[in-house]
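If you read the protein sequences in the order shown, they are chains L and G.
Numbering follows our numbering, with no gaps: position 343 of the first sequence is 343.
Positions in the second sequence are counted from 1; adding 1000 to them yields our numbering.
I should point out that these hints are in silico values taken from the structure, not numbers from a laboratory.
The reader is advised that the hints may include incorrect statements.
Stated by the list, open to error - Once the Cα atoms are required to be at most 25 Å apart in a straight line, the calculated SDA-like pairs of lysine to any residue come out as: (1) 1207(G) / 1053(G); (2) 1066(G) / 166(L); (3) 151(L) / 1067(G); (4) 1071(G) / 150(L); (5) 1071(G) / 26(L); (6) 1079(G) / 241(L); (7) 1066(G) / 155(L); (8) 151(L) / 1074(G); (9) 1128(G) / 151(L); (10) 256(L) / 1108(G); (11) 1066(G) / 149(L); (12) 1128(G) / 351(L); (13) 1066(G) / 1108(G); (14) 1128(G) / 1203(G); (15) 1071(G) / 82(L); (16) 365(L) / 1121(G); (17) 1066(G) / 1129(G); (18) 1054(G) / 1162(G); (19) 151(L) / 1073(G); (20) 1128(G) / 361(L); (21) 40(L) / 156(L); (22) 198(L) / 348(L); (23) 1128(G) / 1172(G); (24) 1079(G) / 191(L); (25) 1071(G) / 155(L); (26) 151(L) / 54(L); (27) 1079(G) / 164(L); (28) 151(L) / 1041(G); (29) 1079(G) / 194(L); (30) 54(L) / 204(L); (31) 1071(G) / 164(L); (32) 1071(G) / 157(L); (33) 1128(G) / 189(L); (34) 365(L) / 1163(G); (35) 40(L) / 8(L).
One-letter residues, chain by chain:
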Amino acid sequence: MAYPYVSDREVRVVSKHFGDPLQRRIDTYVERGGYKALAKALEVGPEDVVDIVKSSGLRGRGGAGFPTGVKWSFMPKDTNRPHYLLCNADESEPGTFKDRELIRWDPHQLIEGCLIGAHAIRAQHVYIYCRGEFFETTQVLARALEDAYAKGYVGENILGSGHTIDVTVHAGAGAYICGEETGLMNSLEGRRGLPRIKPPFPAAVGAFGMPSTINNVETLCAIPHIVTHGGEWYRQWGTEKSPGTKLFCVSGHVNKPGNYELALGFPLSELIEDVCGGVRNGNALKAVIPGGSSVPIINAEEVSRCSLDYEGCVAVGTMLGCASVIVMDETADIVKQVRRMADFYAHESCGQCTPCREGTTWTAKILRRIEDGRGTEEDLDTLMQTTQNMVGTTICVLSDSVAAPVQSSIVKFRDEYLALIRRGERVGAA
Amino acid sequence: MSDVPFKNPGWAGNTGEFDLSEDQVRGDDFVGERPKHGGHASGSATMPYMLAEKNPDAVLFEGEYKERFEKILTRYPDKQAALLPALSLAQELRGYVSPASMDRVAELLGLSPAYVRGVTTFYTMYNKRPVGRHLVQVCTNISCNLCGADDVLAAFLRYTDTELGETSEDGNFTVIEAECLAGCGFPTCVQINSRYFENVSPTEVPKIIEHLKAEGDS
Ligand SMILES: Cc1cc2nc3c(=O)[nH]c(=O)nc-3n(C[C@H](O)[C@H](O)[C@H](O)COP(=O)(O)O)c2cc1C
Ligand code: SF4
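Starting from the given sequences, assemble the full structure and let the hints guide the process.
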């Protein structure tokens, strides 16, 4: 299959069938071994499923990288009250485009992962919260779900096990903040998507006031494979602390952008040079954002030292986030791009917390001023100070996410800001 | 198989780049067909669309839409949770969410009109005023922007002869900027009504516009 681009350096576990439309059919999925992991999970019971996932060391793929098995074990063991599993398909972090591909190419893999996850946390209902823009994606998923209901993989008495698990696809309506776990819960309940103060944590009081667990699409897609092959199998890839494979969404100035599934710990420079065919037009690399717009930007020297696992990214002062690698070559206009990201956060801030509501808008305005050649050097200090006040002072981490690109770009690309401030000169084209 | 001259013009089975017939994708049950009613309550009938043909005076809800609305209600432990899906259905029918639509949805779900307004205005996808037959949303966020999204946006504005956020005189197009549409590897990513157009370059814009005008409903 020539899914837009593939590389022989890839380890394709969850993305194995990207580019093959037959995979969407339930018959093909079952023929290729699908829904066997579900049968196994139903047979061994919740405790054992949690243990298998714990032993694999799988970490949440939604950004925070929290170990999934551990998260599941926080759920209460009794079932006096309903439990819910929420699947986070609100993918809106700029630079991220893996969940949509996972759903549209392999919807049954996600459904199976959701069912196993629900069984593990003793939930009887799964809500898959898809961002509202995903009309086509929700259609593919909902059609697959209808097929799965018809064949008895979902609903009452699944595969004759006596267990009932329902799955519902829920479409959002366009708000980045609904990707934040408690914002998503509020949105699902028919409220504004305002993040909630924690504690109480979702495992105690979540959706509809009941114990809930929330997982990213990619996390849940890995589950059937882990349950089938075992935790040790998954650990053959990646590092001790970041085991397994991960989808890297590469965008920006590379010759072959796209989704690549690689073992964690893969060197960032090889991802760009080898897997993605290098920087476009043979240009020099200027900067990379390795984890989506919410993580610090790194320069070419740091890129050469960065390995793509949770710890390797921290070692060069950034984060893996959701592994959305945004590549910028020498023609990129850093100030403009940071301003564009700041505009995004100003638009998406839910407005509950003053540092975030005011801070995002100020940041965007000051950056716009600098970009237009009307800035002063003090503006850079103001930006540093404003964003510093936004770190750790709010309900959710959207506010912190603004500080990362702004501060890191001012520190690392100060001369570009200064060139604009002093002479009104732009450094790059786009 | 459609013969559109650009890549990736929309529904799963209709992605030009893979050269597959609809039948190869899903058999008779292809997703590109807009499902009306029937099927399981969890399924595609409860999912919203964005249609070119809108009827601002449509009744909320009757016929097929009533059936879909009732199916939605069965999926949640309380009525309030059906608010977002219900507003989406209202928008699918009427093209935008007017204060009257909000009040009607409030009545159907036993919520206060003020509450429903608060929720509706929180979400960007609910159009608060009528839009053109084709709502063109061009992603200009970082990944697309690095690859020239500003030029694509300018091309759409030029060829549809509109201002940003305004509707063209013939009522065909409203062009707006969008935040990241999760198609970053296929820049520039443009959403037109329910469909994604990927790898759009400014030179393809006139072709896309001609195609949409010729196609009618989407
Ligand atoms: C502002 C904000 C936006 C987020 N958006 C998403 C998102 O779009 N998709 C996602 O999976 N996680 C998102 N997250 C992370 C979730 O809160 C949560 O950590 C994640 O879904 C947990 O799943 P995991 O354990 O499988 O990673 C976001 C977090 C924040 C603070
Ligand atoms: S930090 Fe920002 S987005 Fe998060 S809750 Fe506060 S105001 Fe809302």
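Consistency of the hints with the structure:
A distance of roughly 21 Å separates the Cα atoms of residue 1207(G) and residue 1053(G); the hinted pair therefore holds under the 25 Å criterion. Among the hinted pairs, residue 1066(G) with residue 166(L) is consistent with the structure: their alpha-carbon atoms are about 22 Å apart, no more than 25 Å. Straight-line distance between C-alpha atoms of residue 151(L) and residue 1067(G) comes to about 23 Å, which keeps the hinted pair within the 25 Å bound. Of the pairs offered as hints, the one joining residue 1071(G) and residue 150(L) holds, with about 17 Å between alpha carbons and a cut-off of 25 Å not exceeded.
For a cut-off of 25 Å, the pair hint linking residue 1071(G) to residue 26(L) stands: about 23 Å separates their Cα positions. Using a Cα cut-off of 25 Å, the hinted pair residue 1079(G) and residue 241(L) is violated, with the two alpha carbons roughly 44 Å apart. Distance check on the hinted pair: residue 1066(G) and residue 155(L) sit about 24 Å apart at the alpha-carbon level, within 25 Å; holds. Restraint check: the Cα-Cα separation between residue 151(L) and residue 1074(G) comes to about 21 Å, which is no more than 25 Å; the hinted pair holds.
For a cut-off of 25 Å, the pair hint linking residue 1128(G) to residue 151(L) is broken: about 41 Å separates their Cα positions. With a C-alpha separation of about 50 Å, the suggested pair residue 256(L) and residue 1108(G) falls outside the 25 Å cut-off, and the hint is violated. Taken as a hint, the residue 1066(G) and residue 149(L) pair is honoured in the structure, with Cα atoms around 23 Å apart against an allowance of 25 Å. Pair hint residue 1128(G) plus residue 351(L) holds up; C-alpha atoms about 20 Å apart against a cutoff of 25 Å.
With a C-alpha separation of about 11 Å, the suggested pair residue 1066(G) and residue 1108(G) falls inside the 25 Å cut-off, and the hint holds. For the suggested pair residue 1128(G) and residue 1203(G), the alpha carbons sit about 32 Å apart, so the restraint of at most 25 Å is broken. About 21 Å separates the Cα atoms of residue 1071(G) and residue 82(L), which keeps this hinted pair within 25 Å; it holds. Taken as a hint, the residue 365(L) and residue 1121(G) pair is honoured in the structure, with Cα atoms around 23 Å apart against an allowance of 25 Å.
Of the supplied pair hints, the one linking residue 1066(G) and residue 1129(G) holds, its CA atoms being roughly 23 Å apart against a limit of 25 Å. At roughly 20 Å between alpha-carbon atoms, residue 1054(G) and residue 1162(G) fall within 25 Å of each other, so this suggested pair holds. Between the alpha carbons of residue 151(L) and residue 1073(G) the distance comes to roughly 23 Å, so the proposed pair stays at or under 25 Å and holds. At most 25 Å may separate the alpha-carbon atoms for a hinted pair to count; residue 1128(G) and residue 361(L) meet this at roughly 23 Å.
A hinted pair counts as satisfied when its Cα atoms are at most 25 Å apart, and residue 40(L) with residue 156(L) qualifies at roughly 17 Å. At roughly 21 Å between alpha-carbon atoms, residue 198(L) and residue 348(L) fall within 25 Å of each other, so this suggested pair holds. Of the pairs offered as hints, the one joining residue 1128(G) and residue 1172(G) holds, with about 18 Å between alpha carbons and a cut-off of 25 Å not exceeded. For the hint pairing residue 1079(G) with residue 191(L), the CA-to-CA distance comes to about 12 Å; that is within 25 Å, so the pair holds.
The straight-line distance between the Cα atoms of residue 1071(G) and residue 155(L) is roughly 15 Å, inside the 25 Å bound, and the hint therefore holds. Restraint check for residue 151(L) and residue 54(L): not satisfied, since their Cα atoms lie roughly 30 Å apart, outside the 25 Å limit. Restraint check for residue 1079(G) and residue 164(L): satisfied, since their Cα atoms lie roughly 22 Å apart, inside the 25 Å limit. Using a Cα cut-off of 25 Å, the hinted pair residue 151(L) and residue 1041(G) holds, with the two alpha carbons roughly 15 Å apart.
As the CA atoms of residue 1079(G) and residue 194(L) are separated by approximately 19 Å, the hinted pair is consistent with the 25 Å bound. Taking the CA atoms of residue 54(L) and residue 204(L), the gap is near 20 Å; set against the 25 Å cutoff, the hint holds. For the proposed pair residue 1071(G) and residue 164(L), the alpha carbon gap of about 19 Å is at most 25 Å, so the pair holds. Distance restraint check for residue 1071(G) and residue 157(L): the Cα-Cα separation of roughly 21 Å lies within the 25 Å cut-off, and the hinted pair is therefore satisfied.
Distance check on the hinted pair: residue 1128(G) and residue 189(L) sit about 22 Å apart at the alpha-carbon level, within 25 Å; holds. A distance of roughly 23 Å separates the Cα atoms of residue 365(L) and residue 1163(G); the hinted pair therefore holds under the 25 Å criterion. Straight-line distance between C-alpha atoms of residue 40(L) and residue 8(L) comes to about 31 Å, which puts the hinted pair past the 25 Å bound.
Comparing the model with each earlier hint shows violations of hints 6, 9, 10, 14, 26, 35; every other hint is respected.
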